[in-house]
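*Asks:* Protein chains in written order, with the numbering used here: chain A, 1 to 471; chain B, 1001 to 1837.
To be clear, the hints were calculated from the coordinates, so they are not data collected in a lab. Small disclaimer: the values here were computed from a predicted structure and weren't measured. For every residue, glycine included, the Cβ atom is placed at its ideal position computed from N, Cα and C. Hints may be right or wrong, so weigh each one.
Heads up, incomplete: computed chain A residues facing chain B, CB under 7 angstroms, no partners named [to be verified]:
no., residue
1, Asn-124
2, Gln-179
3, Leu-211
4, Thr-219
5, Arg-235
6, Thr-236
7, Lys-237
8, Asn-240
9, Leu-451
10, Met-456
11, Asn-459
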Amino acid sequence: MLNRRSFISQTVAATSGLTLAPWLLETLGAQASGRAPMRFIFMHKGNGLFPQVMVPPSLRREDLEKERRKEAFSVDLAQHDLPAWMQPVARHKNHMTILQGLSGKMCTTGHHTWQSSLGVYRANEALTSIKWATVDFELARLFPSPLDHIELACFPHDGGNARGNVNGIETGFSARGPQQPNLAYGSPKVALRELFRVVSNERREQVQHELERMVLGFTAGNHLNLAANLQGAERTKIANYAESIDAVRTRNGRLEAMADVIRRHLPRLEDRYLADDINTIDRQTGHVEILLATLISGMTNVVTFTVDELGTLYTGLRGLERELINLHDVGHGRGVGTLSADAVRTEIRIQHMSLIDTIIRRLKAAPEADGNMFDNTMLFYFPDNGETHHSSGVEWPFLVFSGRNSRLNIAGRYIRLPAHGQVGHKTLGNWYTTILNAYGNPITHYGDLDLALERMRMNQRGPIREFLASR
Amino acid sequence: MNRNHLLLIACLVAVMPSVHSDVRADEKQPALQLPDPVRAVLKGHCVRCHGEQKPKGEVRLDDLEKLEPSTLRDLLGRLQEAVHFREMPPEGAKQLAPEAFEVLMAWSGKEVRRLGGADLTDKLRLPNYGNAVDHAKLFSGQIKDKPYTPARRWLVSPQIFRERVLDSLRVEGPARKQPLHGVASPFALPERSGVRDYDLTPLDGTHFVALRANAALLADKVIGSLRIKLGEPREKVFANPKDRWTPPSVGDGKRPLMDAFEQVMTKKTSPSEDELTAAIQLQFNRELARPASDAEATRYMKLMRSVEKIAGNTESLRKMLEAVWLESEFVYRLEFGAGEPDSFGRKQLSPREASYAIAYALGDKAPDAALVKAANEGRLNTRADYEREVKRLLADLVSHKGPVDSLLSREHLESYISTPHPKIVRFFREFFGYPLAVRVFKDTERSDGIYRVPDRGTSGTPGFLIVEADRVVARIVETDRSVFESLLTTDQYFVYHNMDSEKGAKLIAGWRIVYDTLKDTNWRKDPDGVAKEHAALLKQYVSPTGIKGKRGKGVHETDLLRLMKLFEETFGRGGRPFTTFPWAHGNRFWHSPLYNMAPTPAEGNYGKEGVFDYEPVQPFKVPNRKGILTHPAWLIAHAQNSATDPIRRGKWIREKLLAGMVPDVPITVDAQIPEHKDKTLRERLDLATNKQVCWKCHQHMNPLGLAFEMYDDFGRFRTAENLEHPDNVIAKAKFKNGADTYKTASVVSTGRLDGTGDSNLDGDVKDAIDLIDRLAKSERVRQSIIRHAFRFYLGRNEMLNDSQTLIDADRAYVNSGGSFKAVIVSMLTSDSFMYRK
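Sequences are here, hints too, so could you generate the full structure?
*Replies:* As structure tokens, then:
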């Protein structure tokens, strides 16, 4: 695995004289140049994602038949129309992969899945069910950054999995390690305040930043003094703690050193995006601005974004601005106004696609090396619970967008993998193993195994080799 | 030579050159230091076998200078272990003289440390090296060294952390049982079978992340509580309507609890030094249960003044509160000893330290009033003082009473009786490791649809099994006679027991009266009429509100037809129904087949399964079982996802009951049991482990674990094993989540016991029951359990100089007729417990 030092040394040793991303300029100094880190965006939705809505309508009859039978095939998206709801991202078709046929039966499925879809195990509300770091955190470790990873969320208001304050900082879908759920920012306002305090113009936030610095310095100092008088294991018990606090201070210092860059990319959010009674669409839009700012400024290389959950009450949806949409009811087939449940789902996906379009366009507009930041980005759009509202994990559709420096050779294709139980079937574990292997984590297999496949004596370990680009 | 330690040879053998390459080539370590005396020892004792010509185990010790640092580090680490455990030189070879032994040990340890590895001294502190101290020597009585525990900080357990948070907020009464929303426990004990809470864990960045978030939240709660007390509306102070809880600001008789904080907050001008000092002292007392020293008070005052200058009084209070919550002392148990060292250089725990050590040995709460008083009055100094307090607390059946595992989901807790000393039960559940059943992901279909995997809001079937095992342990611990032997050999189990025995028996007796009275009536064709005619009878024995004649709309309602069909299925076939109707809302009891009992009768399935005969008076005898090691919870916890695990089961017995050591699988070994559709797991395991190089280790596990092949991986007793291969399916499942039917083969569950040191016990065993009977009679097994108890109560591995403590504890057990409380008293009054160095 890469550590920060080797990453920096690789970066410094690489090409020169090219346009650098702002973060790199700031971090490495004007003389430095080189390969930018990869960035990963995990954008997941609640209520399932129907496999049938992912299918290009222009498939040939033979392929449609294979699709119906869930048999493996692949077509070039350039030769096909996209489903209508994907029109907002149609201009990015050459970067797009529609990936069908993965399964996740080793995950908790159904209404709520906690860290399952990113960790590939059966997570639930019990901390002990979190077995290891989720895949996004594993990737964050491969591409270190001052904040390592951030998670943004449109938390549910109810739906049986409410976490408290939808505008607060609450348990998200990622995990930092075993039994360590990550915390996600619930509103653009709280994310802006917490993540960009270092460059805030508001007196209150500046004071809070200063106070935090004082407490950290005080606590670190106390423990460094204490550790100085200890030996051996007892010294470690205190010194480790002091060093951990110091690491936070160092990280904050790094952010402070990047202040000019961060300030340049500070999200400029109108008041409506910072209101406490923000509607869902504005919340999503505001979060996208935060996401872009943290990536473009180099504060992080990995963002996980809960675009909605089962219990997220939708407000402000195009054409349904006056409706309060209960996704759970939609999941149970209840329409809204004159729209059927399926039509509401479509409108929601269209909204998601417009967010993705914004992300990709803006990253493409940010120069980096000899291209732009999207060259070094992968975005995954997927359901947190599989194929439907009451899912069983038999399918787990993904929509992937990858830039030209992606180490997977899947862009521009519709890929249908063999169905669950068929020879050659692949799971979420295989998929994440592929991504991790591609970017430098040599793990043999990421995630738990599917016991039903095991019963069938099907090999389910390892990456999907066909997806790995030759290097 | 102890042959358990032969296993380490395999590890030495397994370390191949260039396995590790994580030390970068550009990070060259200084050259290997190979002093002449070391070179001479290697040449004289090692190189003949581990030289250039056909090196044994492919290990060479003649070219150490050529190895990469990481390879060298690992090789020397293994060498150190092999020499320490007297595995090398092997039997029959020229042995090392004491001086040569010391030379090799000191040099290899120094080099391993220099190369960034952990030398043996560090490793011996780790839980998996607990048995490294020679058992015979430990109990020989020849060790006269005075016991002590190294002075230490010991990270609090998650349970103690919760109690400390509640104490620091002065939360009392029922409110202490509420969840602390937003307060994350920074600690999680490792999930392993064996003692989990050691004094080794240092605070790290992960802990700090949680502690920092907690500190901010707790400070906000304290200040919010005072703001509300001072007149601000709760809604304004806490915007989130779902989280407006505050800690108490007043105590009994409206006594203000945070006066000094209030003074700082309400002061319009800069607080005086006295006011700041009072606030600091209050927070120290609330949180650390001690006053701040002068130096601490000065430091904190300086912090408060600095904050005050830029943010005012309330923020200065807030930051002081946060900073104290970030003190490592809040999460460490401090045990340094105090006063003058004795002639052996040991210091006795201070009375205050002793009060905490005793309190946390027996529970999770801080010292009770009597302990604090004893400490304050100088009555916690002598061994007799310790004994008085320990016995007092053990005799107290109320103060600690509660569930063993408050983390189990609600449905399990609701069915669980509490026990007076949950922490004692916690030792045995850690020792046996059966709570890990909840972590082994099982395939519902293979259980024929009865196994509910843990999921949202539930610990599923393993949760019930764990509770049922807890009950077995709790009953034996409460009886406190022949505890170890009973745990290993009891045939008394609890199954489903969600109602007091007497009450359950009465209920079922009443149902039988109903059945006997009505069975010959026209209940099938005229349930309404029969119900009406016998309304009084039904009201008396079935439901205080009577039952409906017709089946109601609700799927959970009881009508006469439904009731009589169930009674006919059970009483009518010579059985008894469970005290909860199968259609009752929330009924989750379906796992009786894991004990080889007939399935809970399910409507639509009547007459198709064996007779269900529920025993309301529990515990009761379950055939083909003997003790915790044959409890389904233990068997599942020590199984694979889809198969049994003789290796893990055997390793458990070797390490936990026979005080032996089995190394982890060498990293060069791809430990896979080969597939073969016509062979049993035992046969396939033999194919993999019978090779000489494998058998060196596996001989210490397989013969023990294979005796348990009489149970499958769900813990069901069996005489035949399903050959679960797709080619062997005889019949597909008949219903959703049902099991396919496979070809079978006879189970062989013979095994072999060795290592008890008793020729009457060692030898071939016919099955697990036979094995367990022998183990229960073994002195070594008894002493091995004592060793694990030592680790639980002392939070560390035993050292050779703890010999007297262990011998005394063992003697206490024997002399008391097998009282575990006697063991506890012995340990908590031992020098190992009382002294620090």
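*Asks:* Let's test the interface hint: is any C-beta of chain B closer than 7 angstroms to that of A:Met-456?
*Replies:* holds, 6 angstroms
*Asks:* Quick check on A:Leu-211 please, does its C-beta sit within 7 angstroms of some C-beta on chain B?
*Replies:* holds, 6 angstroms
*Asks:* Mind checking the CB of A:Asn-240 against every CB in chain B and telling me if the closest is under 7 angstroms?
*Replies:* At 4 angstroms from the nearest chain B Cβ, A:Asn-240 passes the 7 angstroms test, so the hint holds.
*Asks:* Can the hint on A:Lys-237 be confirmed by a CB-to-CB distance to chain B that is less than 7 angstroms?
*Replies:* Hint on A:Lys-237: holds, closest Cβ of chain B at ~4 angstroms, below 7 angstroms.
*Asks:* So, A:Leu-451 near chain B? Judge it on the closest CB pair being under 7 angstroms.
*Replies:* At 4 angstroms from the nearest chain B Cβ, A:Leu-451 passes the 7 angstroms test, so the hint holds.
*Asks:* Hint A:Thr-219 vs chain B: min CB-CB distance below 7 angstroms?
*Replies:* holds, 5 angstroms
*Asks:* Return the status of the interface hint for A:Asn-124: holds when the least beta-carbon distance to chain B is below 7 angstroms, violated otherwise.
*Replies:* holds, 5 angstroms
*Asks:* For the hint on A:Arg-235, does the least C-beta distance to chain B fall short of 7 angstroms?
*Replies:* Violated, because the Cβ-Cβ distance from A:Arg-235 to chain B comes to roughly 9 angstroms (cut-off 7 angstroms).
*Asks:* Against chain B, run the beta carbon of A:Thr-236 and see if the smallest gap drops under 7 angstroms.
*Replies:* Cβ of A:Thr-236 sits 5 angstroms from chain B, so the hint holds.
*Asks:* Going by Cβ atoms only, is A:Gln-179 closer than 7 angstroms to chain B?
*Replies:* holds, 4 angstroms
*Asks:* Does the CB of A:Asn-459 sit less than 7 angstroms away from some CB of chain B?
*Replies:* violated, 11 angstroms
The structure is inconsistent with the numbered hints 5, 11, although it conforms to all the rest.
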